[in-house]
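> Could you build all of it, start to finish, from the sequences and the hints given here?
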Amino acid sequence: MSVAPGFYLMLAALMFTVGVVGALVRRNAIVIFMFIELMLNAVNLFFVTFSRMHGHIDGQVLVFFVLVVAAAEVVVGLAIITLIFRHRTTANVDDAHLLRR
Amino acid sequence: MNLEQILFGVMFIVALGSSLAMLFARNAVHTALFLVAAQIALAVAFLLQGAFFIAAIQIIVYAGAIMVLFLFVIMLLGVDRREALIEPLPGQRSLAIGLGALLAAQIAYVAWRGVGAISEARRGAEALTALNRDPGNVESIARALFSRYLLPFEATSVLLVVAIVGVMVLARRLSAVGQDGAAE
Numbered sequence: 001m002s003v004a005p006g007f008y009l010m011l012a013a014l015m016f017t018v019g020v021v022g023a024l025v026r027r028n029a030i031v032i033f034m035f036i037e038l039m040l041n042a043v044n045l046f047f048v049t050f051s052r053m054h055g056h057i058d059g060q061v062l063v064f065f066v067l068v069v070a071a072a073e074v075v076v077g078l079a080i081i082t083l084i085f086r087h088r089t090t091a092n093v094d095d096a097h098l099l100r101r
Numbered sequence: 001m002n003l004e005q006i007l008f009g010v011m012f013i014v015a016l017g018s019s020l021a022m023l024f025a026r027n028a029v030h031t032a033l034f035l036v037a038a039q040i041a042l043a044v045a046f047l048l049q050g051a052f053f054i055a056a057i058q059i060i061v062y063a064g065a066i067m068v069l070f071l072f073v074i075m076l077l078g079v080d081r082r083e084a085l086i087e088p089l090p091g092q093r094s095l096a097i098g099l100g101a102l103l104a105a106q107i108a109y110v111a112w113r114g115v116g117a118i119s120e121a122r123r124g125a126e127a128l129t130a131l132n133r134d135p136g137n138v139e140s141i142a143r144a145l146f147s148r149y150l151l152p153f154e155a156t157s158v159l160l161v162v163a164i165v166g167v168m169v170l171a172r173r174l175s176a177v178g179q180d181g182a183a184e
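Keeping their order, the protein sequence lines are chains A and B.
Numbered according to the working numbering, the first sequence spans residues 1 to 101.
Numbered according to the working numbering, the second sequence spans residues 1 to 184.
Keep in mind the hints are simulated off the structure, nothing from the lab.
Hints may contain errors.
Unchecked claim - Restraint ranges, calculated between C-beta atoms of paired labels, are given here:
1) V69/A with G98/B: 28 to 34 Å
2) S2/A with D134/B: 17 to 23 Å
3) E4/B with R86/A: 48 to 54 Å
4) T129/B with A96/A: 48 to 54 Å
5) L89/B with V66/A: 26 to 32 Å
6) V162/B with L24/A: 26 to 32 Å
7) T89/A with S147/B: 46 to 52 Å
We put the CB at the ideal spot given by N, CA and C, even for glycine.
Here it is in structure tokens:
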């Protein structure tokens with residue numbers, strides 16, 4: 001008797017929620033980025049579980065694309081954070097309020 | 001209890017525990033290390049579900065390359081100071097936790113209903129096992145990737161080139177600003 005797919009989906013839902021709450025609660029831009037990565041990972045778990053449920057390989061191909069997009073996003077995002085840090089000497093997202101004025 | 005159930009239990013505890021620990025870790029480096037633990041636990045989950053190629057690239061790309069990049073930037077910027085506890089928006093944190101619990105309940109409910117609706121989940125698992133045995137996991141992914149998903153696959157190469165050029169432009173402008181600042 002193997003583990004039912006529903007338990008994997010439960011874990012993915014919980015991890016995605018932790019990612020959402022972390023991205024809303026934390027203030028450090030790099031830490032917010034890590035929680036976005038956690039959300040992407042949870043979605044990958046959804047894809048793999050659906051791939052097993054339907055007996056189709058397409059879910060795993062989609063995980064591959066998510067990985068590529070996440071890698072590109074991390075590279076560009078961290079470059080922007082580094083630029084902001086050089087400019088304002090802080091990675092706190094509350095201090096970057098230039099557009100508010 | 002068989003091996004898969006024991007492994008699932010350990011993986012569940014490690015994955016959820018390290019994601020929650022990410023939420024409460026004050027130091028950015030600790031957050032990154034807990035994220036590595038969560039990603040390795042997820043690689044175990046992928047292995048348990050027969051996604052062998054995905055589990056391998058999860059460890060190599062995510063837990064290896066991307067997290068090293070994160071740690072490198074943390075080291076470069078030295079942002080291990082404690083976060084400000086002042087909230088610009090009053091009640092944002094408690095509201096975020098409450099709405100997060102609501103979101104978890106919603107996603108879990110919909111996922112659970114979906115599992116109930118699909119009656120052939122067991123047959124799907126058997127089909128995937130057969131697919132992993134006959135052409136092999138990597139080969140069946142490659143066949144899908146280079147036939148039906150050829151156009152998205154080529155689009156990802158464009159995406160990677162755009163990301164590389166974008167980062168180079170950002171870095172170049174950074175050094176130009178620094179030189180101007182030094183000249184002034």
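> Next, verify each hint and record whether it holds.
Results for each hint:
1. V69/A with G98/B: 28 to 34 Å: 30 Å Cβ-Cβ, so the 28 to 34 Å window holds.
2. S2/A with D134/B: 17 to 23 Å: holds (20 Å)
3. E4/B with R86/A: 48 to 54 Å: With Cβ atoms ~49 Å apart, the hint holds.
4. T129/B with A96/A: 48 to 54 Å: This hint holds: roughly 50 Å between Cβ atoms.
5. L89/B with V66/A: 26 to 32 Å: holds (31 Å)
6. V162/B with L24/A: 26 to 32 Å: 29 Å Cβ-Cβ, so the 26 to 32 Å window holds.
7. T89/A with S147/B: 46 to 52 Å: holds (51 Å)
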